[in-house]
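Novice: Residue numbers (the numbering used here), protein chains in the order written: chain A, 21 to 356; chain B, -13 to 492.
Since the hints were derived computationally from the structure, they do not count as laboratory data. Take these hints with a grain of salt, some might be off.
A few chain B residues that don't get close to chain A, going by computed Cβ distances all over 12 Å [stated by the list, open to error]: (1) Ala13; (2) Ser144; (3) Leu168.
A partial selection of chain B residues facing chain A, derived with a Cβ cut-off under 8 Å [to be verified]: (4) Pro213; (5) Gly306; (6) Gly324; (7) Ala389; (8) Asn392; (9) Ile439; (10) Ala440.
Bear in mind the structure is a predicted one, so any value in this text is a computation, not a measurement. Each residue gets a CB set at the ideal place from its N, CA and C atoms; glycine is no exception.
The residues making up each chain are set out below.
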Amino acid sequence: MRLNRRTLLAGATALAALPPPRIAGAQEFPARPIQGTIQWGAGGSTDAVTRAVAPIVEEKLGQKLVLTNRPGGTGVIGMQYVHGQRADGYNILFGAENPQLYGVLGLSDLSYKDFYPLVLLARGTPVLVARKDAPWADAKALIDHVLANPDTVKMGATGVGGLPFVVHAMLAAQVPGFKVTQVPFDGDGPALTALEGGHVDFMAAVWGAARERIRAGRIKALAVIANERLEGLDAAPITATLPGFAKYLPWGPFFGAFVKKETPEPIVAKLEKAFVEAANDPRFKEFCANFGVVPMGIGGKEAIAFLERWQSVTAWLLADAGAAKVDPATLGIKRL
Amino acid sequence: METALGYFLMSWLDPFLLLLVAVGTLAGIYIGAIPGLSVTMAVSILISFTYAWDTNEALALMVGIYMGGVYGGSRTAILLNIPGAPAAIATALDGYPLAKLGEAGRAIGVTTVVSFLGGFVGIAALALGAPLVAEISLMFAPRDYMLLGIMGLLLVASLAGESLVKGVVAGAIGMLISMIGLDTMSAQPRLTFGSSALLGGVSYVAVMIGMFGIAEALAQLHGYAAPAVKQKVDKIVPSLSTVLRHLPLTLRASAIGVWIGALPGAGGDIAALMAYDHAKRSVKKPSRPFGQGAYEGLVAPEAANNAAVGGAFIPMLTLGIPGDAVTAVIIAALFIHGLRPGPNLMVDTPHLFWFTVGNLTLANIFLLVFGLTGIRLFAKIVEVPKAILLPIVVVLSVVGAYAINNNPADVWWAVGFGIFGYVLKVYGYQLGPVVLGVILGPIVEANFRRTMIAVRESWAGFALELVSHPITLVLTIGILLSILRGTPLWPKLVGMLRGRAVDASR
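Please model the complete structure; the sequences and the hints are all you need to start from.
Specialist: Next up, the structure:
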């Protein structure tokens, strides 16, 4: 290449036409450690999933991820905290499914509409379980028993809007007259412990939490709340008994990483790439298999579609069960 | 048996594991001593930190931190009247008066030795009776947790001080505070006045820090110019006769600690309070009146909360059910390290049980060593002039309150309750019952509601529940007896029974 005044001039013009250094700065993102806020407490599923993926994300980003639990108000406190921070990509929310119900339960105006999903990490599959000496071997036997003895069967629950509550709403919608007594506990751990002690008769719980107890024969599985069987579990999918369930599925709790919606596009793109890669890393997938959750590893549009569908199914189930304080229609949640 | 011994000694013989347990215990003592910094949080942070480590190494460190942390809470409780952790609340009741009497060093010495002894009782229970204790702990139904909570609330009577009415009022205030926030059973916000900052409720650690730390600092402003109490720093290590004199109480308190610790719905904080109550009821001639520096009031909660560590591991290692918040985090850590905690944990990874027992034993020994060194230096903290010490107490309280959930609202709560607590103090109300109400209120309330829901809101059904199981029956009778003891009927009843006994012997 001949180097003369003209090419030099052209080069200088090209340089001047380059984006200003500010953007170059953005390309260096992340320049300092990133703050991760976990909306649930230490020792919970959200905490475990987040802490399992975080070291891999750090590798991909080449920057530290400082994790802090900010629990309270079914996650409202942590979500509000992140929402109150600058939209610069240095504050990431690690959340579960709960924000999608804040609106209908009247807890907060925030939902994942105000955030951008960097990645949905994993989702859990609910399993219908019963105490080990219960007289039912499958979902059909349970349903027949409940229909013959309304209100006498005790169901372990985790409160309004919790997983057992929603699965119960699905059952009640599919089986008219399905009436049980819901006894709420402080989470699926305590509820499963009560089931193991025989203080409640049945409940729905996420596979990962119930698996080891089923394997040891301390509780038994009646059905899988999914379209297909689960690997390592000898229980039929609920759709075999109640084909109408298919319209809700796949349904279950999920975990993801989010940034504020207003975060600049290049930063989002960089974070999304790192998070999706980390979520698809074999080490994280191995953790998921061990923890009993289904790895998702989807970001962007795909994730948004999942979030919307999940919200629509669940919010309307709550509304039909009479548990919604705010009509989903007024929140712009469409019925599927 | 030989393999069990081999697993037990794994950390004893591997210098690196040994070092990790030691470092963990030492770090735990200091994390436990700083209010607001909890062992739960420390272990949780370690999950990411030890991600790439070998499982055994991570566990050795975590167990050390746990053991040290439970003990560490007593330090600041005795020296500054700020319990470093909720499990040390009962410790402050007699520990701080001891520091005011110039016996902080001795108090720490006794605390260390009984914590060590209590720790061993917990470990022994874990090693020898784990499967049985775990099965019994599962039998506890919501009604039993409710009764246990009520039993704890009866402690208000012994914490009330001069007036029982004031004690009950203080306890009720505590229970009211505990109701603030989102009720997860119904998803209804309660007493939040539409503010989402109140949705998360008031952390009881913030209440504790405010009521003990800040309120005490404010109260001491009255006499800030008074010379600090000279601390006696001789005879730090308690003599054998002192230890032996307190041994029966230590063992009884440890048994309470193991039992409560093994229950999935109750941990070291409740164990310590129940043990304090037990000491107050059973020790007829304490070294000083309770609340004014009785060593018995120090021995019971400290033995109990360290015994609760071994207790909490019982359901965790045998069934995969956490006995408290820390074991819940350790379970999450095991998952991340590729293990599957659950009823089959001991089948899948047979070494884990005895390895953990070995680590706990080792940590307990390190606790004694680290605990007994440096006491002279620590005791001197109380001698610092109040003009310097009180601001430090306030700063520590504020930092601690923020550290609970990294939420500035907790700082405001701590300051607010500090001022409120000071006002209560001025009018002769004791603050112990308030904190008791905050801790036990939710247990009683939630389990009462669970029981009522389960019997479909029938009072007859509820009454029947209270006598429906041997465990429940024992708890019900225990509560009725301790209420009866407080009424004028009791002496008459005892008199009648005595009379009859005399009659029979004739």
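Novice: Does each hint fit the structure? Answer for all of them.
Specialist: Each hint, compared with the structure:
1. The claim that Ala13/B is not at the interface with chain A holds, since no C-beta of that chain comes within 12 Å of its own (minimum 17 Å).
2. Under the 12 Å C-beta cut-off, the non-interface status given to Ser144/B relative to chain A holds; the minimum distance is some 29 Å.
3. Remark: the non-interface label on Leu168/B conflicts with the geometry, its nearest Cβ contact in chain A lying 5 Å away (cut-off 12 Å).
4. The closest approach between the C-beta of Pro213/B and any C-beta of chain A is roughly 43 Å, which is over the 8 Å cut-off, so the hint fails.
5. Because the closest C-beta pair between Gly306/B and chain A is about 6 Å apart, less than 8 Å, the hint holds.
6. The restraint placing Gly324/B at the interface with chain A holds, with a minimum CB-CB distance near 6 Å, inside the 8 Å limit.
7. Contact between Ala389/B and chain A, as hinted, is not supported at the beta carbon level, the nearest pair being about 10 Å apart and thus beyond 8 Å.
8. Hint on Asn392/B holds. Least Cβ distance to chain A is approximately 5 Å, under the 8 Å limit.
9. Evaluation of the Ile439/B hint against chain A yields a held restraint, the C-beta minimum of about 5 Å falling below 8 Å.
10. The restraint placing Ala440/B at the interface with chain A holds, with a minimum CB-CB distance near 5 Å, inside the 8 Å limit.
Of the numbered hints listed earlier, those contradicted by the structure are 3, 4, 7.
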